[in-house]
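Peer 1: Residue numbers (our numbering), protein chains in the order written: chain S, 1 to 343; chain G, 1 to 332; chain W, 1 to 305.
Just so you know, not all the hints are guaranteed correct.
With the C-beta cut set under 7 Å, the calculated list includes, among others, these residues of chain W facing chain G [said to hold, decoys possible]:
# : residue
1 : K34
2 : V35
3 : G190
4 : P202
5 : N213
6 : Y217
7 : G219
Derived DSBU-like pairs: lysine-lysine, alpha-carbon spacing no greater than 35 Å straight-line [claimed, not checked]:
#  : chain 1 : residue 1 : chain 2 : residue 2
8  : S       : K50       : G       : K194
9  : S       : K77       : G       : K270
10 : G       : K80       : S       : K219
11 : G       : K88       : S       : K289
12 : G       : K115      : S       : K328
13 : G       : K194      : S       : K269
14 : G       : K21       : G       : K115
15 : G       : K88       : S       : K269
16 : G       : K267      : S       : K331
17 : G       : K267      : S       : K221
18 : S       : K77       : W       : K34
19 : S       : K37       : G       : K149
By construction, these hints were calculated from the structure, which means they are not laboratory data.
Ideal Cβ placement from N, Cα and C applies to all residues, glycine included.
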Amino acid sequence: MANVSTAHAEYQQENHKPEMAISARNINVVYATPTGKIPAVRNVNIDLPKGSITGIIGESGSGKSTLIMAIMNAVTKPGKIESGSVILNSKNDLLKLSSEQQRKIRGKEIGFVFQAAQNSLNPLRRVGQQILDLGRSHDVKDLRGLIKYAKELLARLGLDADRVLASYQHELSGGMRQRVGIMFALVLKANIIFLDESTTALDMLSQAAVLEIIRELQKEKNLTIALVSHDIGVVADLSERIEIFYAGEIVEEGKTSKVLSDPGHPYTKGLIQAIPRISGDIDAAEPLKGSSPDFKTYQQPGCLFYDRCPIRTDACRESRPELESIGKDHKVSCFRVGADDRN
Amino acid sequence: MIEIKNLEKTFYIKASFSNRKTVQAVRHVSFSIPSGGAISLIGESGCGKTTIGRMLCGMETPTSGSIIIDGQDLSTLKRKERNRLLQKIQLIHQDPYQALNPTHTIQQMLAATLKKMARQKKKGPEWVRQRMDELLRLVGLDPETILFKYPHMLSGGQRQRVIIARALTVEPDLLIADEVVSMIDVSLRLGILKLLRDLRENYNISILFITHDIASARYLGSNTELYVLYKGMIVEKGYTEQIIRQPHHPYTQALLSAMPILNGIEKPGKDRFVLTSQFKQSDTDPSGCLFADRCPFSQPSCSEKRPELVQDGDSYHACFFPEVRNVAAESV
Amino acid sequence: MTTTETAKTVKAFKPNIYQGHSFWRAAWRAITRKVSRVIGFLIIVMFTLMAIVGPYLYPKELPIDPNNIYAPLSWKYPLGTDFEGTSNLALIITGARYVLLAAALGALFTVIFGTVLGLIAGYFIGWSDSVIMRITDFFLTVPSFPLLVVLSTVWNFGHPLAMGFILGITSWGGMARAVRSQTLSLRERGFIEAARGLGLSPFYILFREILPNVSSYIGMNLLTSITGCIYAEVGLFFLGVVPFHVNNWGVMLNMAVFSAGAMSSPDALPYLLSPLLALLLLTLGIVLFLDAVDEIFNPRLREDI
Chain S
1 MANVSTAHAE YQQENHKPEM AISARNINVV YATPTGKIPA VRNVNIDLPK
51 GSITGIIGES GSGKSTLIMA IMNAVTKPGK IESGSVILNS KNDLLKLSSE
101 QQRKIRGKEI GFVFQAAQNS LNPLRRVGQQ ILDLGRSHDV KDLRGLIKYA
151 KELLARLGLD ADRVLASYQH ELSGGMRQRV GIMFALVLKA NIIFLDESTT
201 ALDMLSQAAV LEIIRELQKE KNLTIALVSH DIGVVADLSE RIEIFYAGEI
251 VEEGKTSKVL SDPGHPYTKG LIQAIPRISG DIDAAEPLKG SSPDFKTYQQ
301 PGCLFYDRCP IRTDACRESR PELESIGKDH KVSCFRVGAD DRN
Chain G
1 MIEIKNLEKT FYIKASFSNR KTVQAVRHVS FSIPSGGAIS LIGESGCGKT
51 TIGRMLCGME TPTSGSIIID GQDLSTLKRK ERNRLLQKIQ LIHQDPYQAL
101 NPTHTIQQML AATLKKMARQ KKKGPEWVRQ RMDELLRLVG LDPETILFKY
151 PHMLSGGQRQ RVIIARALTV EPDLLIADEV VSMIDVSLRL GILKLLRDLR
201 ENYNISILFI THDIASARYL GSNTELYVLY KGMIVEKGYT EQIIRQPHHP
251 YTQALLSAMP ILNGIEKPGK DRFVLTSQFK QSDTDPSGCL FADRCPFSQP
301 SCSEKRPELV QDGDSYHACF FPEVRNVAAE SV
Chain W
1 MTTTETAKTV KAFKPNIYQG HSFWRAAWRA ITRKVSRVIG FLIIVMFTLM
51 AIVGPYLYPK ELPIDPNNIY APLSWKYPLG TDFEGTSNLA LIITGARYVL
101 LAAALGALFT VIFGTVLGLI AGYFIGWSDS VIMRITDFFL TVPSFPLLVV
151 LSTVWNFGHP LAMGFILGIT SWGGMARAVR SQTLSLRERG FIEAARGLGL
201 SPFYILFREI LPNVSSYIGM NLLTSITGCI YAEVGLFFLG VVPFHVNNWG
251 VMLNMAVFSA GAMSSPDALP YLLSPLLALL LLTLGIVLFL DAVDEIFNPR
301 LREDI
């Protein structure tokens, strides 16, 4: 416990909450561009409680992928992690480990499933060969056992294991590749899984099937999952808690059902109204106004959502609201949302 | 008025030198879209919905069946005349990142076809400029800021609007919208859907909406007909709202069940089931129902004979054992 | 669809002026972004100027100085002198026109033949593709340098245009193949399908839609084939298979090696090394400048942020 930051220790003391698989504090990532520094992620605190599914919602350009990369300490230039700590299993700070130690942890403790699983598979090697490569690079002694476990997982994912292991990636359909991606994330027995837009490219049936499998596997193996998506529907279906991410900051967080039924932040309200749904009144649906955050959004001094906000005041342009509690386990960063001034 | 009758498409895939596989992508599909009307084709990837769209705009040739535009059968026409008619049908691609030339500004893209139209109409450059401005405003973009931008400077939603504006330059009668919202952020989808509905209602442009997402089909207007496709065959048709409330075919029910539930504001329908089996393109065509191998409600008799699309009350479906199940999510 | 909006919202703008500026400005920005590119650019400009004004700087018959044969480097003769006492620098400068003009024309022919044939073969596929590709294969199979040697015995290369044409004819094959394969992949892209669907002419699609997408590739090839052409023609002169009508770098090399014995006598070394130095410097300039080409032609990289 030598390298646990004091902030984290304090946090653990005041909240007798479930143990955290990942506890990220004060993450700041800055991109250096010719026009100046852009704070891509600013003062973000995220906890992933052990054995639960947390959803992270953000539009394209919201910096959500940068956040995930920061948690993994894998931010690439011109981005740079300015400060913060990422405590894994209340032990190591991921941001302070050597790159070799980090490499070991990725895969063994933390697994990744990307949006384009086809891009993370090597097109020139069979799936089985790639599992062996992965095992060797992580010094797995029992390669036979590894393949056996991979087969077990594939069967669990509803695939014909022997056929898949002997296939190249182009021989698999989109839904199958995504399942193979999940298998890769799990095969080294990682307990923490990041799913970054992993169902976005799939059609509804494959998406539902993949989500169902994730849900079952999570229960079975008590996995900790971070589900990152722009699609609030997918996240709402699966996760217990959600974090709404906008232009590099968390603007609302809380229990999923609570945030959806009683959203505080105008951005969350707008997002929920903008989803094409099969239930509810068609005419009540309203597209979100304005355009996705760009580099100018990140650099303004006031509230990041100011340009698109329907309930803004002049004060919102001047200073930026902090994330504050508005109910049990429900936090919002908006000046207009509070005890008295509820919209 | 655009009508297709008994459209069929078979693809031949070379498996090796001697044998070739056949894949029947579209089977006996018929429908007609009145001017200003809309039809949605729903199905998972590989069900043949994109092939239907590509045949309609002349990118594929049907194996059999006919496409009739304003009373003229395309296959009987000379090439020049056919190309003139096909211009009235414009395809909006699903991938807005591929459908715009990265080396052209928006102004160059629109000018290319508008100049051609101006020559046909004997109008001058002033008309081209006006029209460009008008079309961009119509699709909800500000001409001043957008005209001199390159595609990579635009967001997915803006690109899709530019693509629609470009299709409108040739004054089409029918827009084929092939998965137009699947690659853009959920928060921006409704804007594009509303635009399509607006084009229908105010400019009398018909829409053929191709998607895997039933929810987005709802936003095209209440009188939209929904056709559910499975392995190239229509298995159910009807008005969108009616099918969502009372789906008869198990495949339609699987599609409806697959919609994610918005916990907190929605609850799952009581009969909801999730289909986890994979869609397989089989080498041989089964003699029975095409969906029998995945259907959770199939009976032994289902694989003996293939059900036809029949009228049953006020719905059309192709199933021997139709049963209305309450699978769609409901508001809390 | 009818015109419902009125014209009053339309504001006048001047697209062409705007765009004309933006391309050259952006190109200039791309060049000045790195020091190496500026150096490359300056070297190319220097040689171009040399080719244009070089011959006017000296009398038609270069002065000879029998007292200073194979003179060492000095202020009067910065690169020494040749077997007649003529300044090597003067020879290099006056010789640049033929060498560079022939090379530029050769590269231009290579690129034009290669691009047009590659585009047509790749876009129309079918029989035109087969015919063009068989011809290409033929030119790729015939070794071009020996062919040049053979051709030069029957053809008069006194004019750089003739030289350039021959150089172009023998070297477009690789270019055509590369452009064809890029066209083949581009024709399946969404925006080309859309252009076809909009009823745009094949001519428009080929030269306005596809061509700009391969332009950075073409630009780079133009530059690299200039160096290729220079080596080829200098090689021809060096071997002496082409009659010496004019003075140029290749002739200098030939004379230095075969007449002056530069390989054995150190006195003639400046005579041998000065054309080599010119070649090296020009190649260096082109290589340094190549780096900027991609950025100039690709709008995504051209942008300032």
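Peer 1: All hints, please: hold or fail.
Peer 2: Hint by hint, here is what the structure shows:
no.	hint	in the structure
1	K34	violated, 22 Å
2	V35	violated, 28 Å
3	G190	holds, 4 Å
4	P202	violated, 12 Å
5	N213	holds, 6 Å
6	Y217	violated, 12 Å
7	G219	violated, 13 Å
8	K50(S) <-> K194(G)	violated, 42 Å
9	K77(S) <-> K270(G)	violated, 50 Å
10	K80(G) <-> K219(S)	violated, 62 Å
11	K88(G) <-> K289(S)	holds, 32 Å
12	K115(G) <-> K328(S)	violated, 62 Å
13	K194(G) <-> K269(S)	holds, 19 Å
14	K21(G) <-> K115(G)	violated, 45 Å
15	K88(G) <-> K269(S)	violated, 40 Å
16	K267(G) <-> K331(S)	holds, 24 Å
17	K267(G) <-> K221(S)	holds, 26 Å
18	K77(S) <-> K34(W)	holds, 19 Å
19	K37(S) <-> K149(G)	holds, 24 Å
In this structure, the hints that do not hold are numbers 1, 2, 4, 6, 7, 8, 9, 10, 12, 14 and 15, in rising order.
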